Structures are given as C-alpha cells and as structure tokens.
Amino acid sequence: MTPETAAAYQHESAIEAEPFAGPALESFAAVRRRFDVLLWLSVAWLALITLASAFASFLPLASPNDVAGPINVPMFHDFGNSLILGTDSFGRSLLSRSIYGARTSLVIGVSAATAGCIVGGIIGLLAGYVRGATDRVASFIIDSVLAFPALVVLLALTAILQPQLSTIVLGLSLLSMPAFARLERGAALTYAERPFVIAARSYGTSRLRTAFAHVLPNSVVTMVTYLPTIIAALIVAEGSLSFLGLGVPPPTVTWGGMILDGEPNLASAPNQVLVPAAFIFVTVFALNVLGERVRGRLDRRGRG
Amino acid sequence: MTAHPADTSLNSHDEPVISVSNLRTTFRGRSGPMNVVDGVTLNIGFREALGIVGESGSGKSMLVRSIMGLLPPGARRSGDVTYQGRIAVDLDSDALRKLWGTAMAMVPQDPMLSLNPVRRIGVQLMEPLRLHLKLSKDAARQRALELMSMVGLPDPARRFTEYPHQLSGGMRQRVLIAAALACGPRVLFADEPTTALDVTVQAQILVLLRTLQQEKEMAMVLVTHDLGVVAGCTDRVIVMYAGRIVEAAPTPRLFSAMRMPYTQALFSSIPRMDLPVHTRLEIIPGGPPDPAARLAGCRFAARCPYVQDKCLEAEPPLVTSDDDNSHLYRCWFPIERSATMAAAPVPSESRV
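Residue numbers (our numbering), protein chains in the order written: chain A, 7 to 310; chain B, 15 to 366.
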C-alpha cells in the first residue's frame, strides 16, 4: 500500500478504534441486578444433589441396601439424622436410598441426553445443511423414531438386551435424539444461507467443513440450552421405567424403584412413596427452571 | 446510424482471464422459469477493472455468482465460462471449490453479516490459507497478520484474536477483502462491497480495492448500482438490465457518449449538486420487467421515454458503435452523441 493511502486509513482507524461499549455491557448489568431467586434455588439444589450423590460413600449415611433401623419409620422420627426421612419396609434409610438413587438418575439422564445431543446434532446438521437426499433419509429416521411410543421402545430394548444401566442409557438416548436432530436441523437450515456461510464457501471451504466449522458453532448454544429440559424428561422416563420394574435392576437404587417398593404401604407409610417422588419432582423442576432461564439469556432465537 | 452486429465477445483491452459466453441462469418460479441472467457474453481481461451497473433485480449479483458457480440452491445455469482457457462451468463441486479463493474470490455485499459471529477474526483469515496453500498454523498466522496490515487494518495482532462484533463495518470489510485476497486470486469479484458502509468509509474501501487490484495485477469486477462508484474505480463498465447486457464501454466513453436510454436514465437519477435545492430527483418510472415474462421487444421499452413501435416488436441486438468498437449497446434508436452531452431535460413541473 502506498503511504498516501496508508495515511488515509489512519483517519478511519482513529474513528473505528473506539472501544466497543454500550448496549451489550449494559444489558449484562441489568440481568445481574435482577437476582433470580428461583434460578439460584434450582442451581443450588442441582449442585447439592450432584455433589451429594457423587460423594455419597464419604457421607455419614447408612448403606442404601442394608438394614439401618426399624421398618416403616415415618419422617422426622427420632432415630438419628441418617433416618430423618424414615425407612422402607426392609428398614433401609430413605435418605440414603434417595441420594444413591439420584446418582442413577443423574448418570442416566446426563449421559443419555448428551449422547442424544451429539448423535441428533450431527444428523440434524447434515440434514439441514446438505439437504436433498440426506435430509429425506434423516427426516425419515427422525419421524420413525418419533412414531414409536417411548415406553414400547424401551420395553422392547430391555426385552432384547439385559435390563441394565447401559441398555437404559441406549434406549433413552435413542428417544432424545429426534428432539435434538429437529432442533439442529432447523438451526442449520437458517444458517446455511447466511452471508458468512456463503462467504466461507466463496473462498473454497468444503461443504462438510463449512457445516462443522461455520454452521455448527453457531447452533451449539441452542442445542446446549435444551440439554437441561431433555435431561429432566429423561429422568421422568427412567423413573417410569423403574416403576414398571423394567429399569436398572436391584441392588442399584433408583427413584422409580423406591416408589415401586413403597407403593403397597402408601396408606400406612406414605413417606416411602413421597420421598423419592419429591426428589424426582424437585430435581425435574430445577432442571426445567435452569433450562428455561439459560435459554432466555443465551439463545438469541428465543428472544426474537 | 451505421451499427453492425457485435462479434461474440465484448472486446477488452488485453487477453481475457475469464470468458463468459451465452451464460444463462434460471430459477424455477411459480409462473414458469425465470432467467435472471439471460445470455450474457463477456470477457474479463487480465488486470482489468470492470464495473457492472444496474438497478436492483437487473441480475448483476446473479451474474457474478453464476460466473463463479456459487449459486443458491435451485438455480440452474447454462452456457460457457472459461477460466484461463479451462472450461469452468462443468467442473464438479470439488474442482470448482479449488478455484474459489485461488483463481476467483469474492468480496461480499454485507460485511456486518459475512463474518462468522462465533469465530475469531484470525481463525477465519487462516482458514483459506490452510485450506489452499496448506500452510502450517504458524505460517498461516504470520501470513494472516501480513494480510491484515496489507488491507490497512490497524493493530493486526490485537484484531487477530477479536470477534467480528468488536470491529466496525469498515474494518470487517477490510478483513473480508484480506480473506478474499489470501490465496492470490486472479479475479476479484466485489459484489456491492460498499453498499452497507457509510460514505467516508465507502471511499476508503474503494481506494483500497483499486490500489490492491493494481498492485496485485488482478482483474476486478465491481458490482454496484452506483455510477459514482464505477466512475473512479473501473476501466470498463457493463450496464445490465433484466438479465441482459444493454451497454458496455470503456468508463470515460460511457460517461461521455452513452447510447442506451437506460444508461441515460440511470445517469439522470444521480442527485446533482448544481441544481437548485429541492429539485425533485429524477426517477425511472416503473420497475424492471418480471423475469418470468416473455417479452417480444426491448426489455426497457415499457419505461423508455423514446419508445417507438419497433421497440415493442423486436428486441434489439447488442451492436458495436460505429465510431468505437469497444462500445456496445442494445438499442434500435440510440441516443445521438450530441444529445448525450445534454442529459435528459428536466421538465419544469418536476421542480417543487
């Protein structure tokens, strides 16, 4: 570049070098000011239950499968902290079992949703970006999976394979895949004709690379914001399965299994059903609150 | 008037780097196929700066995308595009992709939307370098920084790690120019590169493009609807209307001796400093014809102030001007040279 033109640019750079300030920073501050009690309670609960179940073996808890006291102890009866939520009909601590049950639910929910997110994401990305025959095949797969009633798929899977943790994760990730695939397909469709994607193609980026390097990073936020909501749905699904006796078999503790065990005593010892049900309720509620709030803040599509 | 039909190519001053012959791009519309580019034949010379002018919907952007082969889904093209003697129109997408960036590159229309918002500037600049030149990460980084200073981006090292939203429109357009030039293309297509920028930045970007085009000895195709942009930056101008070339001439010649009424109408629509204030701006009444319509006569006839019966019956061919064989126009009743100098008269009632 000649010195004259360089000098001409100095002028522009002086104007343009203004630091970026204003709306974006302000809105962040505004969000900060509005302290969201429900959100932070949800985050606190999720953190608590995650940590408690991860480090359950180090906590002063009774073993979840051993007799820890008298049978059918009601809540808040004076048998020490470990039995504060009562015992079931075998005298096992409901508190201990609920915390170990959280481990099962969270592991299944998180791993199945993550697997569904990755597989569904790739299918949706290819469908939405490549279009044509790929899209038709992918949409056919998505519609086929959606056409099966969820419980029937899970029943079939547990009948064919062993009813164990990996089977349940496989089944639930299969069921969560279509939601993510549709989400990502929609995002890919809107990004595929954006000027920056055309520009990337115009300097020779391959189609596959454009899809993964330009379209995918833009839609990742959308996908991730749906994770908590899907995890919540999968925890409910896993609970239903265990309640039907088709979940992860004992001695692994599950919330659904606890409800199944306590159901005969519902009239005399309602805490045996209510405690695990409350754990499911609060956890699912917290995940939904988290998902909704995160989506509201991160996903520009949601804000219009 | 002694006009004779033009030969198949529009002559440019030197050897063509790209030859386009009878290029036609069609979309399937509700009311039949729409030819958005309709039988365009032209040559782009080495080191030539070519302007393509026309109003919205005249097919100028589509012409560029058709030449590159970078078409939106659903578009079909026919005809020949030859790049340095190689036929480019039939290449499969992989071979075509290798030409993009290295042989022909594009500076997009809207710098605000043409950078990926979630990737750093540096990464986006390194992408073509690593793809085509197979540079290592360090070498690509070095080259990207050089490119950034070449296009006059202040403080390249800092901008390298920034995201697009941290840059202004002018700076983003500089980044995009750097990305387009990264692999040393022989032809640079600039599709309304300054439309989204404000006037001061616009001038700087145009100077930059012109300077780089001459330094790198590239051909440049500047698509614009602004005749003022074309005046300072190009050697030759093509005026497009309804998917067809209606006039082509060396830039000074077009400005002094236009023959096609449409070109004259475009000129008259430029706001003029020498008229009294509040003079009503000249407009071209009506709009361009429906691309799906099959017109028998001249496509501009419906809006032409000099229209005659013959114009409605048959479409005029693209003919060479009798006094300059680099000047082509498509008109049965071209404007005489003497009349051109005095632009279209301003009717008195148009003054408010």
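Everything labelled a hint here was simulated from the structure, so no lab data went into it. Everything numeric in this text was worked out from a predicted model, so none of it was measured. It cannot be assumed that every hint is accurate.
[What the hints assert, rightly or not] Pair by pair, the computed Cβ-Cβ distance ranges are:
1. A/Asn294 - B/Leu147: 47 to 55 Å
2. B/Tyr320 - A/Leu195: 42 to 50 Å
3. A/Leu161 - B/Pro86: 58 to 66 Å
4. A/Leu195 - B/Lys230: 54 to 62 Å
5. B/Ser35 - A/Arg215: 26 to 34 Å
6. B/Glu350 - A/Thr140: 25 to 33 Å
For glycine and all other residues, C-beta sits at the position ideal for the given N, C-alpha and C.
Going through the hints against the structure:
| no. | hint | result |
| --- | --- | --- |
| 1 | A/Asn294 - B/Leu147: 47 to 55 Å | holds (50 Å) |
| 2 | B/Tyr320 - A/Leu195: 42 to 50 Å | holds (48 Å) |
| 3 | A/Leu161 - B/Pro86: 58 to 66 Å | violated (47 Å) |
| 4 | A/Leu195 - B/Lys230: 54 to 62 Å | violated (37 Å) |
| 5 | B/Ser35 - A/Arg215: 26 to 34 Å | holds (33 Å) |
| 6 | B/Glu350 - A/Thr140: 25 to 33 Å | violated (59 Å) |
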